[in-house]
Amino acid sequence: MARVLPAEHDVRRIIGDGDLVADGEVDGLDEAALLDLYRAMILLRTYDERSVVYHRQGRIGTYAIFWGHEAIQAGSALALADEDWIFPSYRESAIGLLRGMPPETVLAWWRGHPAGWWDPREFRLASITVPIATHVPHAAGYAWGAKLKGEGACAIAYFGDGATSEGAFHEGANFAAVMRAPVVLLCNNNQWAISTPLEAQTRAESLADKAVGYGMPGVRVDGGDVLAVYEATAEALARARAGDGPTFIEALTYRAAPHATADDPSAYWDEERVEEERRNECVGRYESYLRRIGALGDELAAEIRADALARMKAGIAAAEALPPPAPEEVFAHAYVDPPPGLRDG
Amino acid sequence: MAERTLVEAVNEALHVEMERDAMIMVMGEDVGRAGGVFRATAGLRDRFGVDRCVDTPLAEAGILGTAIGLAMAGWRPVCEMQYESFSYPCLDQLITHVGRYRWRTGGAMQFPLTIRMPTGGGVRAPELHEDSPEAYYVHTPGVKVAIPSTPADAKGLLAAAIRDPDPVVLMEPKVLYRSPRGEVPEGEHVVPLGKARIAREGTDVTLIAYGGMVPVCLEAAEQLEASAEVVDIRSLKPLDEDTILASVGKTGRVVVVQEAPRVAGFGAEIVAVIAEKAILDLQGPILRVTGYDVPFPYWSVEHEYLPTPARVAEAAEKVLAY
Chain A
1041 MARVLPAEHD
1051 VRRIIGDGDL
1061 VADGEVDGLD
1071 EAALLDLYRA
1081 MILLRTYDER
1091 SVVYHRQGRI
1101 GTYAIFWGHE
1111 AIQAGSALAL
1121 ADEDWIFPSY
1131 RESAIGLLRG
1141 MPPETVLAWW
1151 RGHPAGWWDP
1161 REFRLASITV
1171 PIATHVPHAA
1181 GYAWGAKLKG
1191 EGACAIAYFG
1201 DGATSEGAFH
1211 EGANFAAVMR
1221 APVVLLCNNN
1231 QWAISTPLEA
1241 QTRAESLADK
1251 AVGYGMPGVR
1261 VDGGDVLAVY
1271 EATAEALARA
1281 RAGDGPTFIE
1291 ALTYRAAPHA
1301 TADDPSAYWD
1311 EERVEEERRN
1321 ECVGRYESYL
1331 RRIGALGDEL
1341 AAEIRADALA
1351 RMKAGIAAAE
1361 ALPPPAPEEV
1371 FAHAYVDPPP
1381 GLRDG
Chain B
8 MAERTLVEAV
18 NEALHVEMER
28 DAMIMVMGED
38 VGRAGGVFRA
48 TAGLRDRFGV
58 DRCVDTPLAE
68 AGILGTAIGL
78 AMAGWRPVCE
88 MQYESFSYPC
98 LDQLITHVGR
108 YRWRTGGAMQ
118 FPLTIRMPTG
128 GGVRAPELHE
138 DSPEAYYVHT
148 PGVKVAIPST
158 PADAKGLLAA
168 AIRDPDPVVL
178 MEPKVLYRSP
188 RGEVPEGEHV
198 VPLGKARIAR
208 EGTDVTLIAY
218 GGMVPVCLEA
228 AEQLEASAEV
238 VDIRSLKPLD
248 EDTILASVGK
258 TGRVVVVQEA
268 PRVAGFGAEI
278 VAVIAEKAIL
288 DLQGPILRVT
298 GYDVPFPYWS
308 VEHEYLPTPA
318 RVAEAAEKVL
328 AY
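The listed protein sequences correspond, in order, to chains A and B. Quick note: the first sequence uses my numbering, first residue 1041, plus one each step. Quick note: the second sequence uses my numbering, first residue 8, plus one each step.
No lab work stands behind these hints: they were computed from the structure. Cβ atoms here follow ideal geometry from the backbone N, Cα and C, with glycine treated the same way. Where hints are given, some of them may not hold.
[As the list claims (entries may be wrong)] To list a few chain B residues with every Cβ distance to chain A over 12 Å, as calculated:
#, residue
1, Asp53
2, Pro140
3, Ala206
4, Arg207
5, Tyr305
[Stated by the list, open to error] Below 25 Å or equal to it, Euclidean Cα-Cα: the simulated SDA-like pairs (lysine to any residue) are:
#, chain 1, residue 1, chain 2, residue 2
6, B, Lys284, B, Thr210
7, A, Lys1189, B, Ala29
8, A, Lys1189, B, Asp37
9, A, Lys1189, B, Val57
10, A, Lys1353, A, Glu1089
11, A, Lys1189, B, Gln117
12, B, Lys284, A, Asp1384
13, B, Lys284, A, Pro1380
14, A, Lys1189, A, Arg1279
15, A, Lys1189, B, Asp62
16, A, Lys1189, B, Pro64
17, B, Lys325, B, Ile286
18, B, Lys202, A, Leu1382
Just chain A, same shape as in the assembly:
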């Protein structure tokens, strides 16, 4: 077994600042792939911003905002092979869009409509997990099961910094390591669990240090740098496919938006810091990078944004056009073979 080194504390960055820090590049990402990443980020950003509007308009219910997390989601998801399974938390509710899921499916989920359910096999995407960290063992189990069957599929589990305090995270990470499951544990460390700051969550110097205790590599990346996230995820997947088991990635970002539409963060956060984080947000950083290397101009950027917006408009229209679910839906899916008396109430 390879020796597990202490966690990598230096936060990986690839995108420079156009001034003092030079831009890097990722092996194997050509211009078309770089633009795919951009399209994915714009689609997610548009989804998120429109969803907040739709919520205010009463068109979707309570919504968990992921503004500023697009680099983590797009960078990691695009590093996956088609056959790899995604285990999302609610913060990644729209990550299926990157696998071809129509926006109306996710919007229907946030409208509390059963059309928001999907067959996980269709998109290799597990259901949105609402309780914190409980899907980490699912991802470990899936990856372990695929490996036992001799299939090449890996899994990735997304969770936040708060999730690392949960027992389910620990049990899932430990199982993944013991079974050498081909899984990536991607921690979106956005510094907040609703109102609880990271320093109230852990005394660990870095969350990546937790990986060492499980006997797996721990890596820290700048979660605002889509290329760094892509590269770290691709490396973790290569390790997994080589039979070297799981990797923990701590993607550092800052939640510069409320936890969800029902949250008022003015009670607990620092406005100045939030403003600074917003100025440095991930989509803008990547767009500047693409413009610096000459891969993106105004016309293409506008076209990509218009396309994303059109998809969202069509998505909400389709979601709103869904017929109300039949009362039968209440009973339809709990059992393959339901016990008698299911409808007695």
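Knowing the structure of chain A, use the given hints to seat chain B on it.
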């Protein structure tokens, strides 16, 4: 037919089912090298290999949580919880995911996993080795629950649980693990879920129980002058209401026995079903004989807690005299 103990019958079911279906895997604490602390999984690791009989880390929520992922990858996991009281951490996964995941996929996916565990008292064990937590499991939508009281039913219900397309919890009364022996059919043997068993026929009073309380009721029946029928529920969900109501219709007098604490126990559910559907058949109140609403006691006084044949017979006499 062969004479087997209940735990031998469990072991036999696992051997037969794993031979039948290569996607069945057994996982749990000490199930491999040791063959289980009660020997329920003995021989499986040697016969089916370390990938299909897995010694897991000591983590019940992790066992059930990874089993969900294994099921998504196409496996049929059979998870052992070493003791019922150690199963409580797995309730998190059971309630939040096991009973919900199929529903959450709009019925697209199946989660045919089995959770088996020893249950109940009467074995003079340390604290938190003798609980009766069946109500927590039965109360979880999407999950089925069975509790055998004979070796043959242990084999047949476990086979049914493994083959069922829904998640099933099989609770095995540890007081019956090693005695008495009973006739067990050889080879494949399935006892369908949702069918109660008349353990003893009678005409005057119906004693309803499951698991370790079935032999207690049979002994009580022997002590009674009146003719007592004993219904072994076997399957708590789905529940065989027809067999219960038919017996009540015949006797008109009912005692429901459970080892678990009284409040909101499964016995209350049985009583409610009878009250709703057979009130005009009743010749007297339905009485319950149960454990008490206290932590399961130190084993030196566990006999003061556990329902006894004398307590059951006394309740039956009361109903008969009403």
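Do the hints match the structure? See the list:
no.	hint	verdict
1	Asp53	18 Å, holds
2	Pro140	19 Å, holds
3	Ala206	22 Å, holds
4	Arg207	25 Å, holds
5	Tyr305	29 Å, holds
6	B:Lys284 with B:Thr210	19 Å, holds
7	A:Lys1189 with B:Ala29	11 Å, holds
8	A:Lys1189 with B:Asp37	23 Å, holds
9	A:Lys1189 with B:Val57	14 Å, holds
10	A:Lys1353 with A:Glu1089	12 Å, holds
11	A:Lys1189 with B:Gln117	18 Å, holds
12	B:Lys284 with A:Asp1384	12 Å, holds
13	B:Lys284 with A:Pro1380	14 Å, holds
14	A:Lys1189 with A:Arg1279	18 Å, holds
15	A:Lys1189 with B:Asp62	18 Å, holds
16	A:Lys1189 with B:Pro64	21 Å, holds
17	B:Lys325 with B:Ile286	18 Å, holds
18	B:Lys202 with A:Leu1382	17 Å, holds
Hint compliance for this structure: no hint is broken.
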